[in-house]
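Asker: Start from the sequences, fold in the hints, and give me the full structure.
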Amino acid sequence: MFRLPTVMRQVRPVCRALAPHLTRAYAKDVKFGADARALMLQGVDLLADAVAVTMGPKGRTVIIEQSWGSPKVTKDGVTVAKSIDLKDKYKNIGAKLVQDVANNTNEEAGDGTTTATVLARAIAKEGFDTISKGANPVEIRRGKMCQVPCLTCSFFVPPGQKCEFQDAYLLLSEKKISSVQSIVPALEIANQHRKPLVIVAEDVDGEALSTLVLNRYIQCLLTGPT
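Letter by letter, the sequence shown follows residues 1 to 226 in the UniProt record's numbering.
Simulated from the structure, these hints should not be mistaken for lab results.
Warning: the hint list may mix true and false statements.
To be verified - The following label-pair restraints were derived from C-beta to C-beta distances:
1) E139 <-> P185: 10 to 20 Å
2) E65 <-> L119: 20 to 30 Å
3) E107 <-> D85: 15 to 25 Å
4) A186 <-> L86: 41 to 51 Å
5) S182 <-> Q66: 33 to 43 Å
6) K87 <-> V200: 53 to 63 Å
Cβ atoms here follow ideal geometry from the backbone N, Cα and C, with glycine treated the same way.
Answerer: Encoded structure:
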């Protein structure tokens with residue numbers, strides 16, 4: 001039969017010995033401002049440099065070490081991004097942020113992960129530099145979001161202008177088009193007969209817009225008034 005006071009006296013030295021290690025395991029090293037941004041940007045650069053070499057038809061391959069079996073040779077940007085894990089935790093935070101960019105691009109569009117990674121690096125560099133000079137991060141984000149429509153504005157017909165086609169197919173939608181599956185039949189028919197397709201809808205966004213832009217299907221989009 002064990003006596004509780006005796007057991008506690010025996011356990012107490014062990015707890016004291018482990019206490020510093022347990023405390024250190026949960027400790028957090030906190031950084032602010034330019035120092036934190038500089039370290040994260042180094043991680044962004046390391047990941048973007050590895051991914052950027054795969055860009056385009058003349059892009060090079062990357063050899064990735066595997067925990068088992070032979071090394072993996074790939075030219076896929078998102079695969080390269082997912083394989084990177086940096087030892088420095090601050091640099092790794094920056095790398096993980098860009099990994100999220102590549103993953104989200106792959107899920108939304110299915111392609112363009114390398115381009116998205118390179119753009120993310122450029123936005124991070126310019127954004128961090130502007131913030132260091134006193135700019136408001138919220139205003140920077142608003143400016144970037146306002147620039148996004150400019151990338152696709154040439155596909156839309158603004159009020160007062162015309163878009164003319166002869167013998168074209170017309171797709172009418174009373175709702176916003178977000179899913180590419182909803183317009184696949186129309187795209188297949190237009191492609192089969194080699195005729196232009198005019199889409200009239202409340203709006204086109206998300207997966208549908210990404211697919212149309214990346215595959216260069218868009219020739220004319222008419223959106224309703226907002």
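Asker: The structure should be examined with respect to each hint, and the outcome stated for every one.
Answerer: Status of the hints after comparison with the structure:
1. E139 <-> P185: 10 to 20 Å: Given range 10 to 20 Å: violated, Cβ gap about 43 Å.
2. E65 <-> L119: 20 to 30 Å: holds (27 Å)
3. E107 <-> D85: 15 to 25 Å: Distance hint for E107, D85 holds at roughly 21 Å.
4. A186 <-> L86: 41 to 51 Å: With Cβ atoms ~46 Å apart, the hint holds.
5. S182 <-> Q66: 33 to 43 Å: Between S182 and Q66, where Cβ atoms are some 40 Å apart, the hint holds.
6. K87 <-> V200: 53 to 63 Å: holds (54 Å)
When the structure is compared with the earlier hints, a violation turns up for hint 1 alone.
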